[in-house]
Every structure is written in structure tokens, then in C-alpha cells.
Amino acid sequence: FDIVLLVAIIINIIILMFESIPGQSVQMKSIYYTLDWGFTVFFTVEYLMRLYTVYKPMRYATSFFGIIDFLSIIPTYLSLIFPG
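This note's numbering applies: residue 15 is where the sequence shown begins, and numbers increase by one.
Source of the hints: derived by calculation from the structure; they are not laboratory data. Ideal Cβ placement from N, Cα and C applies to all residues, glycine included. It cannot be assumed that every hint is accurate.
Across the chosen pairs, the derived CB separations fall in these ranges [what the hints assert, rightly or not]: (1) T67 with S39: 39 to 45 Å; (2) L20 with S77: 31 to 37 Å; (3) L94 with I24: 21 to 27 Å; (4) R64 with T90: 29 to 35 Å.
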């Protein structure tokens, strides 16, 4: 699972890099947007499952890696509230 997670992180970073290139077609932006949400859902499920399975969820949530996980998924959800 860790290897799948690392590959997903690398692919997500590559997609975000391609998304930042100016002059993309509308179709490509739509594909990037869909992939970004797909990875966000995947990482959200992984984060929630990790919280569910650890002995002390709040201890994980406030740990370095828990905060990094949370900060990696929250921007996409914030884009629903604050567009642009």
C-alpha cells in the first residue's frame, strides 16, 4: 500500500505541475480538474482510514505526518468555498 501511495503522490505532483502551465486547452483543464479531485478523494479516504485504524486518532492527527496529510488535502476542499 505504501508503494501505491507514493506512486499516487508522485503522479499527483506531476499533474499539478502540468496544470500550472499557461495556455492549456479547456479539455485538458477539465481532465486535470477531474484527476485532482480523484486524488483528493483517494488521499481523504486514506487519511480517514488511518485515523480510524490508529490507537489514538487525535495523537496521529496532531503529529507531524497527520498535519502534513491534512494540509495536503484541505486546499482542494477550500477551493469549493473560495473559488479561484
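Exercise for the section: Could you see if the CB distance from R64 to T90 stays within 29 to 35 Å? Expected result: violated (18 Å)
Practice task
Hint says 21 to 27 Å; check whether the CB-CB distance for L94 and I24 agrees.
Solution key: holds (25 Å)
Handout entry: Consistency of beta-carbon spacing, S77 to L20, with hint 31 to 37 Å
Key = Violated: the Cβ-Cβ distance is about 19 Å, outside 31 to 37 Å.
Practice task
Go ahead and decide if the range 39 to 45 Å is satisfied by the Cβ distance of T67 to S39.
Solution key: holds (42 Å)
Violation of the numbered hints given earlier is confined to hints 2 and 4; the remaining hints are satisfied by the structure.
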